[in-house]
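If you read the protein sequences in the order shown, they are chains A and B.
Be aware that the first sequence starts at 1, since it is given in the numbering used here, and climbs by one per residue.
Be aware that the second sequence starts at 98, since it is given in the numbering used here, and climbs by one per residue.
Calculated from the structure, these hints are not laboratory results.
Please note: incorrect hints may appear among the correct ones.
[Said to hold, decoys possible] Facing chain A, according to a computed beta carbon distance under 8 Å, are these residues of chain B, among others:
1) His182
2) Thr210
3) Arg384
4) Ser399
5) Arg401
6) His405
[Claimed, not checked] Stretch by stretch, here's where chain A covers chain B in the computed footprint (C-beta under 8 Å, at least three residues):
7) 214-225
8) 276-287
9) 386-398
Built from N, CA and C at the ideal position, the CB exists for glycine as well.
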Amino acid sequence: MAKDAPSHEDDAVIVCRCEALTWGDVKQAMEAFQPTSLRQLKSVTRWGMGICQGRVCRPMMAATTVEDQTEAAFRLVVRPPFKPVAMNILGHEGEKV
Amino acid sequence: MRTEALIIGAGPAGLSAAIELGQRGIETLVVDEYPVPGGRLLGQMYQSQSGWWIGRRVAEDLLERLGRFPNVHLMLETSVSGLAHAGGGWTATFSQRAGTVDAQAVLIATGATEVPIPLPNWTLPGVMTVGAAQTMANVHGVRPGERGIIIGFGALAFAVADELTRAGVDLAGIVLPPLQGPSQWLGTVQDQWRRLRDVVHLGPRWARAATPLVASDFWLERVMAGAPQKGIPALGTVLRPNVAAIAMAGEEAVSGVWLQRVDRRGTLVGEPWHEAVDFACLSGGLRPVPDLAAATGAAMKSSRSGLHDVPIFGPVGETTAPGIFAAGNVLGIEGAPVAMAQGQLASIGVLRHLSGNPTEWAAEQAAFSRALEVARERAPLVFDRAWSQIHEEIRQAWTNRPKEG
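Pulled out of the complex, with its shape left as it was, chain A reads as follows:
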């Protein structure tokens, strides 16, 4: 069975499944927007903003080279809801379990 040799293109590697972003998309955004922190990179690409909220892709983000290499530039804030909540559950906010 003949097989095509694999593509090494950056566009062939998905890095954020939730938002269907490839490594090529990220590199392009890095060049076009030159974000100075991971938070800014998130804002311009939506990386880590899907249903997994970065739980799958967070370590891959460290492969990006933002200008500021301090830990602070790589810090991301956790905000509620920590997990997706159904609308009918939200409607009952304040009641006791």
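Take the given structure of chain A and dock chain B to it, following the hints.
This is chain B only, laid out in the frame that chain A set:
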């Protein structure tokens, strides 16, 4: 609903803490996302110094003991969606059920998550993390496929290779991950090879004899780069330390993997070749899930990659957030016996917070601390050498933390 203690996570740490609190009459609610309690215990099966470790039996035993305490309640298929400081305690909200729970103390025992390795076509059906293959085989009794490959030298790679081959699943070996592009966080090829030092004792007897040889970087590089392309027999399969997976292949599902030889410097050399597999396990390692601790405002130790983000914690699992405690893999990646001792220690923290007496249960604390040391000494596997250093830094950060008043 009101409770004295809310435990988030029904794995080895959370269940062990719940037993201690249950015994001492504390109203305790344990919540977990999964339909079955036990956490990662459910899939664990390995041989240790003291015989076989069957995680599912350990979980059954913990649950049986927990069942004796009517003051402990278990709520499954429940994710915490919010955790807010309110009225001296904490109010939790959940994603699958309406309403709130008010707790005086919260133990965060949310464990760890696996880190996948991105490579072309890794989103095809048949590509999974190594822990997913473990769950399929050991929890559900399902073969992940006919012939697989393990990509990456994460600690679970070797345990799962052993479990899968014992279950009669054919493996094409354990190979290097790609080390460029979005996989850069895995480090250099030398970093990957150094990881193998921690698992030499799991290999065949003759390989164990090589331990002194691979102790020096000089020889490690040469031994690994010079290994036969078909690999070194280990754990029922072969370790292929100088072969890297560069892409998965397939249309509707995985039908193969593209491999390429790697030289001493980690550079891809020669032509890539294709091997037929119908599943692949990605083993990028584990990282703590400290999101809830971070959201409470507890001081965190953070890392660029997020792989080593953990709350700063004290001797009985205290964080810097009042009434928030942590135990288990959320504090760093170690084995289940360590998590169990950490859970017991954190129960002391919770008890002291509830009573307001910071010195009670000293004898129990000493016993649980000793159990933690023993669990660490007897650990069959070091998951990541970084953790002992990080824990030392945290001990110092805890001692030097700014104190209230």
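Do the hints match the structure? See the list:
1. His182: Result: violated, 12 Å to nearest chain A Cβ.
2. Thr210: holds, 6 Å
3. Arg384: This hint holds: arginine 384(B) lies near chain A, its Cβ roughly 7 Å from the closest one there, short of 8 Å.
4. Ser399: At 5 Å from the nearest chain A Cβ, serine 399(B) passes the 8 Å test, so the hint holds.
5. Arg401: holds, 4 Å
6. His405: violated, 10 Å
7. 214-225: holds (count 6)
8. 276-287: This one holds; 5 residues, not fewer than the three required, reach chain A with a Cβ under 8 Å.
9. 386-398: Answer holds; 5 residues pass the 8 Å Cβ test.
Taken one by one, the earlier hints fail for this structure at numbers 1 and 6, listed in ascending order.
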